[in-house]
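Number of protein chains: 2
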Amino acid sequence: MQSQNQEFKLMDEQKLSVDLISAQYALKDTRGQKNAKSLVILVNGIELAGKGEAVKQLREWVDPRYLLVKADPPQVLDGKQPFWQPYARFIPAEGQIQVLFGSWYSDLLSTAMHASHPIDDSLFDDYVARMRAFEQDLKNNHVDVIKIWFDLPWKALQKRLDEIEPSEIHWHKLHGLNWRSQKQYDAIQRLRQRFTDDWYIIDGEDEAQRDQQFAQHILKALAHCPVHPVKASGRWKQEKVPLVLQKPAQEQLEKAEYKPELKKLSRKVADALRTDPRRVVILFEGMDAAGKGGAIKRIVKKLDPREYEIHTIAAPEKYELRRPYLWRFWSKLNTEDICIFDRSWYGRVLVERIEGFATPVEWQRAYDEINRFEQDLIQNETVVIKFWLAISKDEQAARFKAREETAHKRFKITDDDWRNRERWNDYLKAAADMFARTNTENAPWHVIATDDKYTARIEILRTILKQLKGG
Amino acid sequence: MQSQNQEFKLMDEQKLSVDLISAQYALKDTRGQKNAKSLVILVNGIELAGKGEAVKQLREWVDPRYLLVKADPPQVLDGKQPFWQPYARFIPAEGQIQVLFGSWYSDLLSTAMHASHPIDDSLFDDYVARMRAFEQDLKNNHVDVIKIWFDLPWKALQKRLDEIEPSEIHWHKLHGLNWRSQKQYDAIQRLRQRFTDDWYIIDGEDEAQRDQQFAQHILKALAHCPVHPVKASGRWKQEKVPLVLQKPAQEQLEKAEYKPELKKLSRKVADALRTDPRRVVILFEGMDAAGKGGAIKRIVKKLDPREYEIHTIAAPEKYELRRPYLWRFWSKLNTEDICIFDRSWYGRVLVERIEGFATPVEWQRAYDEINRFEQDLIQNETVVIKFWLAISKDEQAARFKAREETAHKRFKITDDDWRNRERWNDYLKAAADMFARTNTENAPWHVIATDDKYTARIEILRTILKQLKGG
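Residue numbers (the working numbering), protein chains in the order written: chain A, 1 to 471; chain B, 1 to 471.
I should point out that these hints are in silico values taken from the structure, not numbers from a laboratory.
No copy is singled out in the list; a pair is fine if it fits within one copy or between any two copies.
Derived EDC-like pairs (lysine to aspartate or glutamate); straight-line CA-CA distance at most 16 Å:
1. Lys155 / Asp186
2. Lys15 / Glu405
3. Lys9 / Asp203
4. Lys401 / Asp416
All chains, full assembly: derive it from the sequences and hints.
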């Protein structure tokens, strides 16, 4: 991509501005349409190479109301949160343009330059690979990403440092790097070349060209309007539905046995959740009335509500639909140490697949996206514990009936539940595909038969203990 | 309010649950309606008095999908951000219920107990008064607030501490208070009595009654459905439109004079913005084409885009309309040190008043709400600089025409602009009322005549310098 500079031509400024504004409005008009997209512009580079000026000039050429600019000092990649977490809330909605000064790449660079335990090349490259996979997932989910590196040769940088206004010196020291050190300059150049081969490189020495090159790259990115494929390319290979889903059988536990065992286990689970140094994410999927709520109640029995958060996942809101489907989960994972999900991101390959809310291409791609998402969590001090609660069709009918007959449980049963029941086999098939594709080594699925509630609850608590340290 | 316990009766548990669920659904159904509201439940009290248990029990009685629970450790009130800032994003949308374990009051208590420079009683009371005013503003904007204190006598607390499970000890030390110290216990009781006279007090000793009392208070709060008044009570006293708005006259500045002066001033403004230790908020209001964008451009001329944030305020989104109108500004003030607003919260008393988006009661109340909001900012190391750009009707017509004739400026002019122009006098009247009511001593309005752009820009920069330290 670095060769594009050779064929670069300055455009008439007013034409450039008109074209940019038209492209902005065209982007805005894609909201809610099939070709909807948004654009993220990652801006990075050598200090004083003119990133700021180029963005300021861009603001003047475009309609500034529809260009969001965000800048934050770099964060250390310390393995405590996925690299995308600090930026999750700035991933724009359809029709929006977001400039990110600094991004996961500046965090990576900064970490590699500063860390007391420096990142070696192989870990560095591993980060870059994961970042690119994340960007590809964004693109597939209608968020285009363009990456622009503002470069400046060593001598030009030194000259600009000589000429800097005194009041700006503080600002330029903010990032904690010493731009007077050639050793450091060389180290940055060496490192950034490990990831910039799919970036646009802008030569910051030529000020007139610099701003135009930047703007023209963005114009090109805006003009490129993707057609999102709907149909998947190959034939879908449906997995066989495992027997445990078809006939979830289990022994019955007597109340006299259950009560003391539950008491002991919920105490142990609370202790283990408290002492495990990692964040814990527990999620439940399964048919309606399979006992998700009841199981959650027993997990938190000995915890204080201030120690955990329960997310009950319903249909997404409109503003959530305008972003990648994982987006609404990113923000929910930014907080408590113990997060419990009553339904989860797997909705993409269950209800959204079955009801047609996601196209075949979308849900078929989602397995890998979800796996990457969970691996990012796991690599950042998080335990992911996944349950499928398997109920038999007869037992579900009995529970539905009981709910309808109990005043304070009636809210738990709606027409949707009966409709879902009619699609019983579709759900089993979708679940089978889900297990086959997302049952990873460090985030395995636990299928729990729940016709006998007591047995199920005990099994769930024991399973959690097994996945926790000291459990 | 403390006497309500005497008449307290236990309800049948299932009836209580059904009533709570019905009330939840009724609340949900108010979304977008005239009687729409949401509910914030502030939960506070003595350690081990059973706050957590009561909330957990509540979760079991209600439909947990529509009960949000948030808990965060207390923050120190250090005068760097308004007390409501950490909680702004948890103010619920219409139809939602939000439990806040800990709130501005726990921050106040915690600050008073811990601060190296303790808060004296008069400052404490001042905080309480401001918190109550904030809650009243929330209520007026459809967010009901109920406050519940879980109390526990000294001896009962000591007994519970004796019986605590070992794994919970860590958790109960989280808030950094020593509940074994009677001196400290007494201090907390003395302090909390300075604000709990409009709280519900629940006696944590009686566990059976405790959870029911809590739930019944919430049931009552949900059942109380306000009718939001639309018509204001008295007759509105319209202020006279000041002459400067009617005939904004000014001398013309020659380009030869303007250029060097602009250069000098924008340098000085950048320096002053960088060195002033306070956060700076600059906002612009005024007729279309009055030069807001151009003025902002000159303010940031010598700054890097990473040093400031520009918020261009358009019509609120749907999810913003479901919350108090100031809500969308709270979140925007949580970030950069230099925030510039191209239009602002004053939209409430300008466009929303004129177009009827706010009822008379709402916009007439807004002046005080805005004044309180700005004072909260100012008391927390923020400078608020407010500009009204005054253009003459003829000059606006000329600029509209010029915009329509210039390709890259055409996006700046829409049918809305022409329609607003027809309401010229309404805007002048609304502006006159706004000046009269929100021109406070430490957040004064600066009215700048802008028919001559050069003079206007110079005057704006000089005005900013005057309000800044070292300016």
